[in-house]
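Protein chains: 2
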Amino acid sequence: MNYFSSDFKLGILGGGQLGKMLLAETQKLDIQTLVLDPSNEAPSRFSCTLFQQGSLMDYDTVYEFGKKASLLTIEIENVNLDALDQLEKEGLPVFPSPKTLRLIQNKGTQKDFYVQHNIPTAPHQRFESLSHLKTSLDKNLLAFPFVWKCARFGYDGNGVKIVRTAADLSNLPEVECIAEEMVPFKNELAVIVVRNVSGEIKTYPVVEMEFHPEANQVEYVICPARISTEIAEKAQKVALQTAEAFQHVGLLAVEMFQTKDDAILVNEVAPRPHNSGHYSIEASYTSQFENHLRSILNLPLGNTDSKVAGIMVNLVGAEGFSGQVIYENIEKIMAIDGVTPHIYGKRETRPFRKMGHVTIVNQNMAEARQIAEEVKNTIRVIS
Amino acid sequence: MNYFSSDFKLGILGGGQLGKMLLAETQKLDIQTLVLDPSNEAPSRFSCTLFQQGSLMDYDTVYEFGKKASLLTIEIENVNLDALDQLEKEGLPVFPSPKTLRLIQNKGTQKDFYVQHNIPTAPHQRFESLSHLKTSLDKNLLAFPFVWKCARFGYDGNGVKIVRTAADLSNLPEVECIAEEMVPFKNELAVIVVRNVSGEIKTYPVVEMEFHPEANQVEYVICPARISTEIAEKAQKVALQTAEAFQHVGLLAVEMFQTKDDAILVNEVAPRPHNSGHYSIEASYTSQFENHLRSILNLPLGNTDSKVAGIMVNLVGAEGFSGQVIYENIEKIMAIDGVTPHIYGKRETRPFRKMGHVTIVNQNMAEARQIAEEVKNTIRVIS
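The listed protein sequences derive, respectively, from chains Y and P. The first sequence runs 1 to 383 under the working numbering. The second sequence runs 1 to 383 under the working numbering.
Derived from the structure by calculation, the hints contain no laboratory data. Some clues are possibly wrong.
The list makes no distinction among identical chains, and a pair is therefore deemed to hold if it is satisfied within one copy or across any two copies.
When the alpha-carbon atoms are kept at most 27 Å apart in a straight line, the in silico DSSO-like pairs for lysine-lysine are as follows [claimed, not checked]:
id, residue 1, residue 2
1, 9, 161
2, 134, 202
3, 9, 99
4, 202, 332
All values derive from a computational prediction rather than experimental measurement.
Looking at chain Y on its own, in the form it has when it is part of the complex (with noise of 0.2 Å):
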C-alpha cells in the first residue's frame, strides 16, 4: 500500500489536541486525511486535507464519513459503533477496532476483562445504576470506603468519586456504575504500548503521573518514571499483557497504581494518543503520534526509546478567568533552554480546560523537574 503522497485517505473521528497532534506525523509523511468533529472551531481543523463538522455519536454521519476514508482511526473513544461495525463488515480497516472500543467504552466490560484475561486490576462490582449500588449497601454486599465511577463517558476526574460516607451518594447520578476497592498507592504510572496490524509490539519507557489536588487532572507527566527497574518493568510486562489481551491495533495508554505493597494494577486505559505520550514529541526517538500512525498503517514501529529526559506540564484555564484566552508569561519560559510550549488552539479558556501543554526536555532528570516547577509557577492561561 502506498500512503505517501498517495489518493489513500486517513479518517480520523474527533478533531482535538490528539488529532491536531496526530496530523502533524500525517503532514510530515504526506499522508491525506479526512477530520469529523462536532465543532467548527475543533484545533484539528486547519490541520487535515479535508475537515467535516457533524456528531462523532450519530450512526448515518460516521457511516457516511467513514465511506470517504481508505482506513478509520479515533482521537476520542466516544463514537458511535455501530457504525463502525457496519463500516468494519463492509470492509474498511477501522483501528483500533470497534469491538476494543466497545469493551473500553464501559469501565464495567473493560475491569471484568481484565479478570478474565489475568490482568492485575483493583477489585470492583458493577451495578446497573445507583440505586442498584445503594441497595447492595444496604444489604451489605458492598462497604465503604470504595471508589465510585460512573461506566460511560466519564473522563479527566469527571465521573470518579471516592466514596466514604452515604452523605457522598447524595449528589451522584442515576447511571451504571462501578465500585471500586480503594487501594493505597504510591505512584500512578502509565505506559504506552503500540502494536501494529502484524502484531509487532513496543512499549514506551514507564512515566509518572502527578495530578492537581482538586481538578484531578494530570499536572506533570515525567519520563522516565523515578521508580526501580525491578517495578518498571513489571509495569511494561503488565502494559504489553494488557495489549495483547485486546489484540490491540495502535497505541494504548496503559493507566497503572504502583500499591504500597509494589503491586501493579492496572487502572484503565485509553486506545489512542494519550496525555501521558505528549512529552515524546520532544523526549522520544518517535513520538506516540508518529507511532500511532505507523502502527495503523501496519508501518515498522519506530524506535520507543528517550533520547533525554522529559517532563510535560498540562496548561489548564486558570480558575477565574473564562474568555479569550491570554497565556501570560509564555515569553518567560521560552527563554528557558529545553522548554517547548504546545498550544491546542482553543480561543475561549475556562477554569480547568485543557489549554495546551508545555515540554521540558533535560539531559538531567533533577534538572528537568526543576524547570518544570518553575514553568508551572511562571505560565498561566488567564483571559
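Using the hints, position chain P against chain Y.
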C-alpha cells in the same frame, strides 16, 4: 504582543517544503498563517490558515497579500522586493528585511558586502553580462580556471559552473554574473545563525555537507561536522560576524568552505530556514523552524544544542523516472531505529527534484553515518 490563539496573522511568501516545516511550528503554537505561492499544489497549502495562489514576483499581488498580514516573512528569496519596501514603509514588520534580501538576491552585491565587512570570502569579479566577462578574459584581467555564477535566481547548483577553458563558456546565459577564484577546499560547512528583533543571537553547531557528484545537490548533512573544535569555533565566529553585519532578523544559513590550509571562506548565505538545518527537527532542542519563528516574533531564542547526532539525507527523484511518485522501500528504512522520513507533498517526481528528506539520529555518530548510507542505498524515489 499576543500571537497565540489570537487574531495575529503571520504572512509567509512561498509555500514550498520550507514553508510547510515552518507551519508545523505555527500550528504547534496556534499562530494564524497566510501563505502565498504561485502553485495550487504547493506543499504548504494544507498546513496554513489561509492559502492564496499568486505570483511572488508581482508587485500588486505581494503588496495586497502583505496588507492582510500582521508580520511578513519568506521561505524563498526571490520575491518582489519593491512591494516589501512599500509595506515596510507603511509600518508592516518584514523579516528578514527587504534591504537584506536585496543584497542577498544578487550574488554580486552579496560578495561585495562580504568584502566591505571584512568577511572572509573567495576573491571575485562582477560582470554586467557574459560578454563583459569574455572581454575581461580577452584583456587578461581574468584567467582560467574560475567559478562562474549567475548573479540572480540560481539555486541548488543551477547557475554555477566551473570554467576551465573558453569552451566551458559556450552554453552559459548572457546574464549578470560573477567569476570567483577557485579555492581548493577540504570541506563544505554550514552554520545556521538565528538573531531576533532585539538582537539576541545564537548559532547552531557546524554541519558538514556532502554533495551528489552529478546533480550538485546536498546528499548528506552531518551534525556536528567531523572537524576540530578550533575550526568549528572559527566557522561559528565567521557566521556570527556575517549575521551581525547584515543586522539580520530571522535565520541565516551561512555556507562556508574550509580550505586546504584551514581558512574559512563564506560561500553564500540563505536568509531563511535551510536544507542544512533540517536535521534540527529531530536532533536539536529547538528546530531551525521554531527558532526562525521565535526570532521574527521577537521571542526568546530556543536552545540550539543537539540532543543527539543527526544526519540528513535528501530524497531526490531518481534518474529515469517522472510522474506520480512512489517511495520505494520506505518501510524498510522506517524499520531502522532513529530514522524519520519527511515527505514534502509533491505528487510528481522528476530526476533530482527535492521530494523529501530523511533524518537519522543516534547517540553515536559513526553509527548514524553507517545508517545514513544504508538509508541512501535502500530508498528510491521513483514513479
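Going through the hints against the structure:
1. 9 to 161: neither (41 Å within a copy, 44 Å between copies)
2. 134 to 202: neither (43 Å within a copy, 65 Å between copies)
3. 9 to 99: within (23 Å within a copy, 44 Å between copies)
4. 202 to 332: between (37 Å within a copy, 18 Å between copies)
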